[in-house]
Every structure is written in C-alpha cells, then in structure tokens.
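There are 2 protein chains.
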Amino acid sequence: MIIDCHGHFTTAPRTLHDWRARQLAAVNEPANQPKASELKISDDEIRAAIGGGQLKMQQERGGDLTIFSPIAGQMAHHLGNQQTSYVWSEVANDLIYRVCELFPNHFAPVCQLPQSPGQSPENCIPELRRCVEQLGFVGCNLSPDPSGGYWKDPPLTDRWWYPLYEELVRLDVPAMVHVSSSCNPCFHGTGAHYINGDTTAFMQFLLSDLFKDFPKLRFIIPHGGGAVPYHWGRYRGIALDQKREIETLLNNVYFDTCVYHQQGVEFLTNVIPIENILFGSEMIGAVRGRDPDTGEYFDDTKKYVDACSRLSAQDRNKIFEANARRVYPRLDARLKKLGK
Amino acid sequence: MIIDCHGHFTTAPRTLHDWRARQLAAVNEPANQPKASELKISDDEIRAAIGGGQLKMQQERGGDLTIFSPIAGQMAHHLGNQQTSYVWSEVANDLIYRVCELFPNHFAPVCQLPQSPGQSPENCIPELRRCVEQLGFVGCNLSPDPSGGYWKDPPLTDRWWYPLYEELVRLDVPAMVHVSSSCNPCFHGTGAHYINGDTTAFMQFLLSDLFKDFPKLRFIIPHGGGAVPYHWGRYRGIALDQKREIETLLNNVYFDTCVYHQQGVEFLTNVIPIENILFGSEMIGAVRGRDPDTGEYFDDTKKYVDACSRLSAQDRNKIFEANARRVYPRLDARLKKLGK
Numbered sequence: 001m002i003i004d005c006h007g008h009f010t011t012a013p014r015t016l017h018d019w020r021a022r023q024l025a026a027v028n029e030p031a032n033q034p035k036a037s038e039l040k041i042s043d044d045e046i047r048a049a050i051g052g053g054q055l056k057m058q059q060e061r062g063g064d065l066t067i068f069s070p071i072a073g074q075m076a077h078h079l080g081n082q083q084t085s086y087v088w089s090e091v092a093n094d095l096i097y098r099v100c101e102l103f104p105n106h107f108a109p110v111c112q113l114p115q116s117p118g119q120s121p122e123n124c125i126p127e128l129r130r131c132v133e134q135l136g137f138v139g140c141n142l143s144p145d146p147s148g149g150y151w152k153d154p155p156l157t158d159r160w161w162y163p164l165y166e167e168l169v170r171l172d173v174p175a176m177v178h179v180s181s182s183c184n185p186c187f188h189g190t191g192a193h194y195i196n197g198d199t200t201a202f203m204q205f206l207l208s209d210l211f212k213d214f215p216k217l218r219f220i221i222p223h224g225g226g227a228v229p230y231h232w233g234r235y236r237g238i239a240l241d242q243k244r245e246i247e248t249l250l251n252n253v254y255f256d257t258c259v260y261h262q263q264g265v266e267f268l269t270n271v272i273p274i275e276n277i278l279f280g281s282e283m284i285g286a287v288r289g290r291d292p293d294t295g296e297y298f299d300d301t302k303k304y305v306d307a308c309s310r311l312s313a314q315d316r317n318k319i320f321e322a323n324a325r326r327v328y329p330r331l332d333a334r335l336k337k338l339g340k
Numbered sequence: 001m002i003i004d005c006h007g008h009f010t011t012a013p014r015t016l017h018d019w020r021a022r023q024l025a026a027v028n029e030p031a032n033q034p035k036a037s038e039l040k041i042s043d044d045e046i047r048a049a050i051g052g053g054q055l056k057m058q059q060e061r062g063g064d065l066t067i068f069s070p071i072a073g074q075m076a077h078h079l080g081n082q083q084t085s086y087v088w089s090e091v092a093n094d095l096i097y098r099v100c101e102l103f104p105n106h107f108a109p110v111c112q113l114p115q116s117p118g119q120s121p122e123n124c125i126p127e128l129r130r131c132v133e134q135l136g137f138v139g140c141n142l143s144p145d146p147s148g149g150y151w152k153d154p155p156l157t158d159r160w161w162y163p164l165y166e167e168l169v170r171l172d173v174p175a176m177v178h179v180s181s182s183c184n185p186c187f188h189g190t191g192a193h194y195i196n197g198d199t200t201a202f203m204q205f206l207l208s209d210l211f212k213d214f215p216k217l218r219f220i221i222p223h224g225g226g227a228v229p230y231h232w233g234r235y236r237g238i239a240l241d242q243k244r245e246i247e248t249l250l251n252n253v254y255f256d257t258c259v260y261h262q263q264g265v266e267f268l269t270n271v272i273p274i275e276n277i278l279f280g281s282e283m284i285g286a287v288r289g290r291d292p293d294t295g296e297y298f299d300d301t302k303k304y305v306d307a308c309s310r311l312s313a314q315d316r317n318k319i320f321e322a323n324a325r326r327v328y329p330r331l332d333a334r335l336k337k338l339g340k
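Those sequence lines, one after another, are chains A and E.
The opening position of the first sequence corresponds to residue 1 in this note's numbering, with each subsequent residue numbered one higher.
The opening position of the second sequence corresponds to residue 1 in this note's numbering, with each subsequent residue numbered one higher.
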C-alpha cells in the first residue's frame with residue numbers, strides 16, 4: 001500500500017479558522033474566549049472538505065492512506081499563550097480524530113502539541129497522552145521553534161525537551177519536526193522557515209548525544225530533510241571533524257519525500273539510505289499549482305518516486321509502506337486491525 | 001584559469017584575533033579601544049600564513065586565483081556597535097588588501113562591511129567606496145542578518161537596503177550574501193546558520209521586485225545556494241503560484257560550488273543553468289578534514305567539478321573563469337591589467 005506520511009488538514013472548514021480568530025481576539029480576556037464546544041462542524045462538512053480535497057487527490061494519485069495532522073502553519077504557537085495553546089490543540093486534534101474516524105481506511109491521525117514560547121515541553125504531555133492513548137493517534141508534530149521565526153527556545157537537543165522525549169519513547173510514537181508559520185518578516189513560511197527548521201534540527205542532532213540518551217526516539221525531518229541531503233558531504237565532514245559519524249543518526253532520523261521536482265527526489269533516494277526515506281507529499285500544501293512543463297502537480301511526489309529508475313520494487317515498498325510501518329508502530333497496529 | 005570565488009583569510013595571524021578581542025573587551029570604553037595602527041602584522045607573517053595555508057592548497061589543487069575576503073565568522077556584526085564595526089572592518093579589509101598586494105597573481109580582494117544590527121546599511125557606503133575605489137576591491141560580503149542568528153533587521157528586499165544597493169550598482173561590484181557567526185544557540189554556525197542564510201535570502205528575492213528596481217544588482221549565494229537547488233521545484237512552484245517566474249532571478253543571482261560531495265555538485269550543475277554557477281571552495285573553512293572513503297579533502301570542490309561527466313569544456317570554462325569575470329567586472333579588469 002501507499003502511505004503518505006505527511007498531510008495536513010489544510011482544507012478544514014472556515015468555521016475552524018473563525019473559532020481560532022475569536023480565541024486570539026480574546027487572548028487577554030479568558031472569560032470571553034470561545035469554548036471548544038462552540039465550534040460546530042458537522043460530519044457532512046468534514047466529509048465535503050475531505051472528499052473534495054485530500055481524499056480526492058489521494059485517490060487520483062494512487063495513494064491509500066495519509067498520516068494526517070492539523071494545519072502546520074496554523075499551529076502558530078507564538079500566538080496566544082500556554083492556555084490558548086492547550087485549548088487550540090485540543091480543538092485541532094479533535095477535528096483530526098473525527099476525520100480519521102470517518103475515513104479510517106484513508107487517514108491515520110497525528111497531533112499538534114500545545115507548545116508555547118518559553119513554556120516547558122513537559123506541558124505537552126497530557127495532550128500527547130490523550131491523543132495517543134485515548135484517541136489512537138500514531139505520532140505528533142513537534143516544532144523546534146515555538147517563537148515562530150525568532151528561535152528563542154533551547155535547541156531540540158537540550159534537556160529542556162527531555163520530559164517530552166521520555167513520553168514519546170514510552171508511548172513509542174515518533175515526532176515529525178515541523179515548524180509552524182513565521183512571524184519574522186525575514187522568513188517566508190513555507191519557502192524559508194520550513195526548510196530552515198529542517199536543516200537546523202538535523203544540525204542540532206548531528207553534534208549531540210541525544211540518541212545516546214534516547215536510543216529509541218525517532219524523528220521524521222520533513223521537506224526532504226531541508227538542505228541536508230544536498231549538503232550531505234558538508235554534514236559528514238563536520239561530524240568527522242568533531243570525531244562523530246553522521247551514520248549514527250540513521251537509527252533515529254528519517255526524511256520524507258516532499259521535494260517537488262524529479263531530480264530532487266532522484267537525488268534524495270541516491271544519497272540517503274532507502275531505510276530512512278518515507279513517502280510524503282504534504283498535499284494540499286505549500287505549492288498548489290501544476291508544473292507548466294509537465295502538466296503535473298508539483299506536489300505529486302508519488303510520480304517522482306515512481307519514476308526513479310534506480311529504485312527496485314523492494315526499495316519502493318520500503319519508501320511507500322514498510323518504513324512508515326516501522327517508524328510508526330502504532331500505525332502498523334492500526335492497519336493490522338483493519339486487516340491491512 | 002581557475003578562479004575560486006569564495007575564500008576567507010581563516011589562517012590570519014593570531015595577532016588579528018587578539019586585537020579584536022581587545023576591541024570588544026573595551027566596547028563601552030572608547031578611549032581604551034585599540035587603534036588600528038596598534039595591530040602589528042609583518043609582511044613575513046602574512047607570507048607565512050598565506051604560503052602555508054590558502055596559497056599552498058590553491059596550488060596543490062590546481063587553482064589560480066581566489067577571491068579573498070575577511071573571515072566570515074569573525075565579521076560578527078552583532079558584537080560591539082556601529083563604531084567598533086567601522087574600525088574592525090577597516091582593519092580586516094586592510095589586511096586582505098595587503099595579502100592581495102603581496103600575492104596579486106593569486107588573490108583578489110573582497111571586503112566585509114561595517115554592518116551593525118539596527119543601523120542603516122547606508123553607513124557601509126564609505127568603507128565600500130574606500131575598498132573599491134582606493135584599494136581595488138572587486139566585491140563585498142553582505143550579511144542578511146547582522147544580529148547573528150536572530151534575524152532582527154529587515155529582509156534584503158526592503159528599501160532599508162536600497163542606498164547600499166545604489167552604491168553597489170554605481171561601483172559595479174556584486175555582493176556575496178554571507179551571514180557571520182551565530183550567537184543563537186539553536187543555529188550551528190557553518191552547519192545551519194550559513195545554509196539557512198542562503199536559503200532565506202533566495203526566498204526573499206523570489207517574491208520581490210528588487211531586481212526590477214535594480215536590474216544590474218548582482219548577488220552570489222554561497223554554499224551552493226543553501227537548500228535552493230535541491231528544492232528548485234518548490235521554489236518554481238511557489239513563484240508560479242504567485243504569478244512570478246523563478247527564471248527572472250537568474251540575471252541577478254548566482255550560486256557557488258561549495259557543496260562538499262560529488263553527487264551534490266553533479267546535482268547543482270544539472271539543476272542550475274551553467275551561466276549561474278561560479279566555482280568556489282571556501283577552503284580553508286567549515287570542513288577541514290578528508291573524506292575517509294576517498295582520501296580527498298571534503299572542500300576540494302574542484303575535483304567534484306572536474307568529475308562531473310556531463311559538463312563540456314565550455315561549461316567548465318564558464319564555471320571556473322568566465323562567469324566570475326562577468327559577475328565581477330572589476331576582477332576581469334584587474335586580471336587584464338596583469339595580462340590574464
């Protein structure tokens with residue numbers, strides 16, 4: 001089967017955005033903030049949003065299942081505060097849960113976390129537990145920069161994050177390292193901040209002992225790993241200069257295939273071991289249009305993987321399915337329950 | 001001939017660093033700051049530093065000339081203030097001038113600018129003029145982030161930078177977009193901040209009208225363009241979604257070949273038009289060691305370009321020489337004066 005590890009509910013009903021706007025408008029007046037229960041979205045609205053959006057495109061492109069999470073750009077941990085982030089995460093995650101209950105054969109849920117700049121990641125544990133243990137989520141998105149482009153929290157390798165990592169290991173769920181929107185005018189969101197976040201996180205991991213402390217912790221670095229595969233020699237060399245080996249990261253760090261041209265995906269699959277590559281498209285996301293040269297959608301990354309001539313059938317199976325089942329064991333269990 | 005567009009004086013005598021340390025130690029006591037004239041470095045010391053460092057490696061690797069500038073990581077515009085940045089830039093640039101006077105056949109000078117966080121780029125014009133008009137410099141390094149990893153100044157496409165751009169165009173010199181060291185613990189300097197700076201600057205250019213306002217302004221984006229070539233489809237797609245075309249940047253934006261593995265340089269030369277690629281190594285720089293698999297230095301990028309099987313002799317001539325002469329017309333004039 002074809003598992004897309006990277007999808008966000010970018011076509012969520014307008015009502016969701018309106019609710020969030022009301023919450024943020026009342027950020028300093030807790031009594032006036034909307035309750036979660038005030039968000040009214042019917043099952044039919046969800047069916048319409050999904051059926052005319054991600055499900056339609058998943059099927060048109062020959063996909064089977066998408067690992068699905070709230071809109072990355074709307075996590076916006078830098079807006080509001082710890083309290084609003086709690087409630088917003090619950091609302092956003094509950095909506096993902098409903099999508100996956102309505103379409104269990106096509107979507108599996110991943111949660112956002114109630115991060116907030118300067119606030120301990122430990123605060124994210126209850127929502128993570130609720131999502132995984134009560135609602136069947138298979139992973140989470142973790143922002144390395146809750147400040148939204150100013151990078152004010154400690155690096156991902158700091159002990160600051162360790163309580164959350166202990167819980168990720170206990171629950172046996174991976175985290176996708178994914179920034180949210182940028183409030184820094186220097187950084188375009190999907191064009192710079194996303195890619196920089198990926199590169200930055202990898203470099204943090206490279207010179208740390210994080211995975212000695214957490215041998216079972218697993219991260220997916222999206223958007224093809226930012227700049228990392230292209231600069232693989234640079235990272236290998238920096239590691240060696242520091243008496244380290246880049247290869248040791250490959251037990252814990254994975255890359256998706258959200259690279260939007262054929263040569264880029266070919267390159268990724270030539271440079272990075274196949275065991276560390278998970279199919280992902282992030283559709284409907286950063287790039288909505290079609291390549292005028294080919295008539296195909298830029299983010300139809302399945303076409304690129306299909307066209308990589310050097311990949312064997314076994315390689316493709318790993319990229320499309322087996323690696324995802326290994327990295328997300330709760331996804332594997334969920335699929336097995338469905339007879340898949 | 002083989003022109004390396006990207007070298008810094010990373011082997012400068014210890015005395016230089018000591019002078020800078022004294023300057024910064026007295027940042028709030030102007031009367032106690034060292035004068036430029038207090039830095040004593042003899043011609044023999046320069047000859048030793050160059051002869052045993054960049055010149056030796058340039059010759060061992062078959063290079064002819066390096067476009068040479070002060071140590072990027074030591075520009076450190078975030079340390080000190082506008083006044084110390086003025087004096088430090090003069091000191092650092094004067095030393096580069098002396099290197100290039102001692103070895104005119106092997107080095108051509110590029111200056112750092114006295115940038116300072118929150119201070120108008122207009123303040124850089126006198127030092128730029130002095131270097132170009134009086135000392136024969138052929139270009140400059142421009143940091144898109146004088147804050148050293150917090151990105152607090154406006155994007156490079158903001159009118160904030162326009163007075164400096166007017167001067168770059170008037171002098172007909174290009175700027176290499178090059179951040180300095182990072183004081184943000186999230187960003188490793190050469191592994192994350194450098195690469196992010198490149199990606200960020202390109203993305204700023206992509207959605208702006210900067211080059212409509214300055215059709216003759218030219219930027220070199222170093223380190224192979226950060227993440228840009230790898231994500232060329234993403235950038236093409238984002239541009240098209242905004243009714244723009246990425247190709248229009250190619251009259252103004254160039255990439256060097258500081259990508260430290262064979263596959264990366266192959267990829268760069270396959271994706272980016274040859275006219276937009278300038279040979280660069282940044283040796284002796286971010287990666288000092290040798291690849292244990294090949295026994296070669298990671299940053300010996302000439303070997304990678306030589307080994308790109310698809311490049312014609314004409315392509316190589318463009319990458320190694322002709323593009324640099326075109327992008328740096330004052331380098332071309334300087335070489336012609338030397339009979340080259």
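Mixed in with the good hints, there may be bad ones.
Derived CB-CB ranges, DEER-like [claimed, not checked]:
id	chain 1	residue 1	chain 2	residue 2	range
1	A	Lys340	E	Lys243	38 to 46 Å
2	A	Ser42	E	Gln82	39 to 47 Å
3	E	Gly118	A	Arg129	51 to 59 Å
4	E	Gln59	A	Arg170	51 to 59 Å
5	E	Arg129	A	Asp293	24 to 32 Å
6	E	Val27	A	Gly118	24 to 32 Å
7	E	Leu207	A	Ala307	23 to 31 Å
8	A	Lys340	E	Arg159	51 to 59 Å
9	E	Leu207	A	Arg290	13 to 21 Å
10	E	Pro292	A	Arg290	57 to 65 Å
In silico lysine-lysine, BS3-like type, Cα no more than 30 Å apart, as pairs [what the hints assert, rightly or not]:
id	chain 1	residue 1	chain 2	residue 2
11	E	Lys243	A	Lys303
12	A	Lys243	E	Lys303
13	A	Lys337	A	Lys56
14	E	Lys216	E	Lys152
From the structure, some residues in chain A lie toward chain E, with a derived Cβ separation under 8 Å [claimed, not checked]:
id	residue
15	Pro185
16	Gly191
17	Leu206
18	Ser208
19	Ile238
20	His261
21	Ile284
22	Ala286
Simulated from the structure, these hints should not be mistaken for laboratory data.
Values in this document were obtained by computation on a predicted structure and should not be read as measured data.
Here a beta-carbon is modelled for each residue, glycine too, at the ideal position from N, C-alpha and C.
**Study point:** Status of the hint placing isoleucine 238/A at chain E (closest C-beta pair under 8 Å)
**Key:** Holds - the Cβ of isoleucine 238/A comes within 8 Å of chain E, reaching about 5 Å at its closest.
Check your understanding: With a cut-off of 8 Å, does the beta carbon of alanine 286/A approach a beta carbon of chain E closely enough for the hint to hold?
Key -> holds, 7 Å
Check your understanding: Under the criterion of a CB-CB separation shorter than 8 Å, is leucine 206/A in contact with chain E as hinted?
Key -> Holds, about 7 Å.
Point to revise | Hint check for glycine 118/A and valine 27/E - Cβ pair distance inside 24 to 32 Å | key: Given about 28 Å between the Cβ atoms, the range holds.
**Study point:** Cβ distance range 38 to 46 Å for lysine 340/A and lysine 243/E, holds or violated
**Key:** holds, 42 Å
Exercise for review: Return the status of the interface hint for proline 185/A: holds when the least beta-carbon distance to chain E is below 8 Å, violated otherwise.
Suggested key: holds, 6 Å
Review point. Given serine 208/A was flagged as interface, is its beta-carbon under 8 Å from a beta-carbon of chain E?
Key: violated, 10 Å
Review point. Do the beta carbons of leucine 207/E and arginine 290/A sit within 13 to 21 Å of each other?
Key: Holds - the Cβ-Cβ distance for leucine 207/E and arginine 290/A, about 19 Å, lies within 13 to 21 Å.
**Study point:** 51 to 59 Å as the expected CB spacing between arginine 170/A and glutamine 59/E, which holds or is violated
**Key:** Once the Cβ atoms are compared, 58 Å apart, the range 51 to 59 Å for arginine 170/A and glutamine 59/E holds.
Review point. Hey, lysine 243/E versus lysine 303/A, does the alpha-carbon distance stay inside 30 Å?
Key: Measuring from Cα to Cα gives roughly 25 Å; hence the hint holds.
Practice item. Hold the hint about histidine 261/A up to the distance rule: shortest CB distance to chain E must be less than 8 Å. Key: Result: holds, 3 Å to nearest chain E Cβ.
Exercise for review: Note whether the CB distance of glycine 118/E and arginine 129/A lies within 51 to 59 Å or breaks it.
Suggested key: violated, 44 Å
Checked against the numbered hints above, the structure violates hints 2, 3, 5, 10, 18, 21; every other hint is satisfied.
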